[in-house]
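Line by line, the protein sequences are chains A and B.
For my numbering, add 9 to where a residue sits in the first sequence, where the first one is 1.
For my numbering, add 22 to where a residue sits in the second sequence, where the first one is 1.
Quick caveat, the hints were computed from the structure, so don't treat them as lab data.
Check before you lean on any hint, since a few could be wrong.
[Stated by the list, open to error] Under 8 Å between C-beta atoms, here's a sample of chain B residues computed to sit facing chain A:
#: 1; residue: Leu76
#: 2; residue: Val80
#: 3; residue: Ile85
#: 4; residue: Leu96
#: 5; residue: Ile114
#: 6; residue: Ala153
#: 7; residue: Ala165
[Said to hold, decoys possible] One-sided and incomplete, this derived list gives chain A residues near chain B with beta-carbon spacing under 7 Å:
#: 8; residue: Met10
#: 9; residue: Leu21
#: 10; residue: Val24
Every residue, glycine too, gets a C-beta built ideally from N, C-alpha and C.
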Amino acid sequence: MSLEVMLNAAGLAFVVAGARWHQADAQVMFLFILAMAAAEVSVGLAMVLEIYHRFKSLDVDKLSEMRG
Amino acid sequence: MELAFYIAGAVAVVSTVLMLTRLHIVHALLYLIVSLLGVAVVFYMLGASLVAALEVIVYAGAIMVLFVFVVMMLNLGAPEAEMEKDWLTPGIWVGPVILAGVLTIEVLYLVRGSTAGLGAGGVEPKQVGIALFGPYLIGVELASVLLLAGLVGAYHLGYRKIEKREIRHVADIDEGRAATGRDLVLPGADRPARTA
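The following block holds chain A by itself, in its conformation from the complex (with noise of 0.2 Å):
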């Protein structure tokens, strides 16, 4: 969730900036992280189910099955 706001945040300044010079370019760069925002959200999601099945947990600290 704290991704999705840092994304929104790039997109504004994104829009911000391409309404301070008028260029189209700016929304063309905001829908790119849109698509970016929707692909990462659900590779993640399906993550956070797939750990949540196999340890039971969310905590992150029990996921140290891969000690390096």
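Following the hints, position chain B against chain A.
Here is chain B on its own, set in the frame of chain A:
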């Protein structure tokens, strides 16, 4: 008009800060939705109406529904149900509802007034479309490939292997034919008779 812009921006910032400081994820989600709607209003006032509409539809509509769905799905069982009942006390709604109400009043005010945006700095959706499918065509293709990869990845991660027990049909094997002494074997002839 400028005042409305600053109000929308303030709503977005305040709801984002409140979202980041919530301890329960459902409360944070409520504030995040309000924050996205506030950003959408800011977009509209900057003259980027296409992006504002997409923000509401895709972000606040689709992605947030996905988030709420997964968060609710992870909390199954009786103790969690009690916990959820605890989370969603009526007092929780007050903050997001006030912020969303401010945004609603603002949108109604903007729609009634015919002017759109601060100054005339708007970029029309037509220009965006021309740019999108002109010089950025390769980007569109890459985005579609990315979305396809996301779809396949999410499907693969969410796929749970169903145990398949293969029941071999007696007519498929030669022993079945030899045991019954003929080619025409009734299905299930080699299985024990089902007793009630």
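For each hint given before, does the structure comply? Return the numbers of the non-compliant ones in rising order.
The structure conflicts with hint 5 only, although it agrees with all the remaining ones.
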